[in-house]
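Undergrad: Listed here are the chains, written in short residue letters.
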Amino acid sequence: MRVDVSNLSFGYDYRTVLKNISFSLESGDFLVVVGNNGSGKSTLVKCILGLNHVPDDKIFLDGREINRFRDWLSVGYVPQKLDDFNYEFPITVNEVMQASKFSKVTEEEKLGVLDRVGILELQNENINTLSGGQLQRVFIARALMNKPRLLILDEPTVAVDKKNVDRFYRFINALNEEGVTIILISHHLESSNANYSHVMYLQEGQAKMTSAFDIEAEGDA
Amino acid sequence: MEPVLMGFFRALIEREFMQYALVTGVLVGLLAPMIGSFVVIKRLSLIANALSHFSLGGLSIGLFFLNTLNLPIRDPLYIGIVFAVIGALLIEALRNYYRNYKEISMPIVISLGTALSALFISLAGGFNTEVYNYLFGSILTVSRNFVFIIIGATVVIMSLIFIFYKQIVIISFDEVHARLLGIRVNVFRVVSTVILGLVVGLSIETVGVLLVSSLMIIPVAAAMKVGRSFKSTLLIAVLFSEASVIFGLWLSFVFAFPSGATIVLFNILILVTIIGLKKFIFKRSLEEKQPETATE
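Here the protein sequences come in this chain order: A and B. Heads up: the first sequence is residues 217 to 437, going by this note's numbering. Heads up: the second sequence is residues 85 to 380, going by this note's numbering.
Worth flagging that the hints you see were computed from the coordinates, not collected in a lab. Cβ atoms here follow ideal geometry from the backbone N, Cα and C, with glycine treated the same way. Errors might be hidden in some of the hints.
What the hints assert, rightly or not - Which residues of chain B face chain A? A few of them, derived with a C-beta cut under 10 Å, are:
1. A177
2. F230
3. F246
4. I247
5. Y249
6. K315
Claimed, not checked - Taking beta-carbon pairs under 8 Å as the criterion, some of the chain A residues facing chain B (in silico):
7. L267
8. R286
9. W288
10. N302
11. F305
12. P306
13. I307
14. T308
15. E311
16. A315
17. S316
18. V321
19. N342
20. Y385
21. F387
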C-alpha cells in the first residue's frame, strides 16, 4: 500500500506534537521511525491509522484521502502497549482470531498465520495464561488476520526475548518481501534486524527522512 | 421430598401464574448473564446497580401517576423499563463528559434515581406492598402481557447478539482494535446501552431493583473462574443463572421464601462453591502438575 503524508501538523489541546511532517512510501517499502520518548512517534501512527482526526488532504493511503478511506481491513496494527485489551476474562487465541476475521480468510490461511508467528500450538489456550512474548505474537497474528497491505508496528519487541526478537524480524522482513508496506516504530535502530528501506528520525515533532542506502553510505565513510 | 417436588410440578402444570413465573425466570436467566458478560468484560459491573436504582425512580413516578393522580397507567413497571433505558443513555453521556473519571457517572445516576424514588414514593402514599415488590421482586405476579414482552425482547436481543457476535466481542475486549477494523463503535455503544437498560428493566420483575445486578454479574463472576474459552464461559454463566432461577423458584414455592432473595442467594452459593473448589481442589491438582506446565 502507498502512503503519502504531506505537511502534517498535529497537536493535543495547546501542545503541537507533529510539525510539518511529509514523506511518501511506495508499496513494499519498509520505514523505521526512530525517536525518543515524546518525539511524536505514536501520535504519527495514530494519525495514519485514523485514530487521531487530521485535517483533509494531509494523509493519503493508496491515493485515497484518509478521511474518505474505507479499506481499513487492509491496514494491520500491532500496538505498543497491550493494556487496551481486557485480559482477565477467558478467551482463547483462536477466538481472538475468529472475532478479528472480517475478510475472506480460509481456516487453512488462519492456521498458516498462527504457524508463521509461532503460536499454532497455543491456539486453544486461554490468553490470560500466555507470557508477554506469546501475547505479542497473538497481537501480530491478529493484525495479519485480514491480509493487510500496510502493517504498522509500534515498538513490537519490547516484551519479547532476544531469541524471539530475531525470529520476529525474519518474519517481518519476509512479509515485506511479499510486498506488504511496513512502518515500524523503534526506540533504537541498531537493535533491530529489520531490512528497512527508509528511516525517519523524529525529534520534537520534526522529521528527518533518509533512505537505508544513505545510512549505509554514511557508515562506510 | 417427592410430594414437595410433585407439588411444584403440579402447580407448574395447573397454575398459570407459575407458568408465567417460570417462563419469565428462564428468559431473564438467559438474558441477564449474556448481557452481564459483556458488562463485566468492560469493567462496568456497577452499571446494572445504577440503572436499577434509576428505574426505581421511574417506577415511583408510575406509582404516583397511578395512586395519586389516578392516571390510567397499566403498570408502573413499563415506566421503570423506560427509565432504565434513559438512565443507561445518561450514564453513557456522562462517561463521555468525564472521560478520565468515567465512574463518576454511576453515583450521579444512582443519586438521581434514589432521590426521585424517595420523593415520588412519598407523594404516592408512602411505602406499601407494591414498593416492596419492586425492591425485592415479585416473579409470581407477572402478567400475561409482560410474558409476551419478555419473549419478544429475548428474541430480538438474542438475534442481535447472534448476528453481531464478532463485533460485540471485539468492542468488549479491545475498542481500539474494533475502530481499526472499521466497526462503528459509537453506534454499537448506543444500541448496547439501550439493550442493557432494557434487560435491567425487564429483570426487575424477577428479583427486584436491589438485586438485579446480582443476576447479571454473579453467574458471570463464577463462570469466568472455570470457563476455558469465551463461549464456554458464556454457556456456564447461563447454566449457573438458570439453575439458580429454577431452584430458587422451587425453594420459594416450597418454603414460601421471597423468590428474588432465594434466586440471588442460590447464585451466591454457586459462586462461593466455585471459589472454594478453585482454591482448594484445582489449586492442589495444579501444584501436582507444576513441573510439566512450565512455559517460556
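Undergrad: Indicate, hint by hint, whether the structure satisfies it.
TA: Against the structure, the hints:
1. A177: Check failed: Cβ of A177 (chain B) comes no nearer than 21 Å to chain A, outside 10 Å.
2. F230: Because about 32 Å separates F230 (chain B) from the closest Cβ in chain A, which is outside the 10 Å limit, the hint is violated.
3. F246: The hint is violated - F246 (chain B) has no Cβ within 10 Å of chain A, the shortest such distance being about 14 Å.
4. I247: Cβ of I247 (chain B) sits 14 Å from chain A, so the hint is violated.
5. Y249: 8 Å, holds
6. K315: 7 Å, holds
7. L267: 7 Å, holds
8. R286: 7 Å, holds
9. W288: 4 Å, holds
10. N302: Since the shortest Cβ distance to chain B is 5 Å, the answer is holds.
11. F305: Holds, because the Cβ-Cβ distance from F305 (chain A) to chain B comes to roughly 5 Å (cut-off 8 Å).
12. P306: Hint holds; P306 (chain A) Cβ to chain B Cβ min 4 Å, cut 8 Å.
13. I307: Constraint on I307 (chain A) satisfied, holds at 4 Å.
14. T308: Interface hint status for T308 (chain A): holds (4 Å vs cutoff 8 Å).
15. E311: With Cβ-Cβ at 5 Å, under 8 Å, it holds.
16. A315: Since chain B brings a Cβ to about 4 Å from A315 (chain A), closer than 8 Å, the hint holds.
17. S316: 7 Å, holds
18. V321: Violated - the Cβ of V321 (chain A) stays beyond 8 Å from chain B, reaching only about 13 Å at its closest.
19. N342: At about 6 Å, which falls below the 8 Å cut-off, the nearest Cβ of chain B leaves the hint on N342 (chain A) intact, so it holds.
20. Y385: 18 Å, violated
21. F387: 17 Å, violated
The structure fails hints 1, 2, 3, 4, 18, 20 and 21 (numbered hints given earlier, in ascending order).
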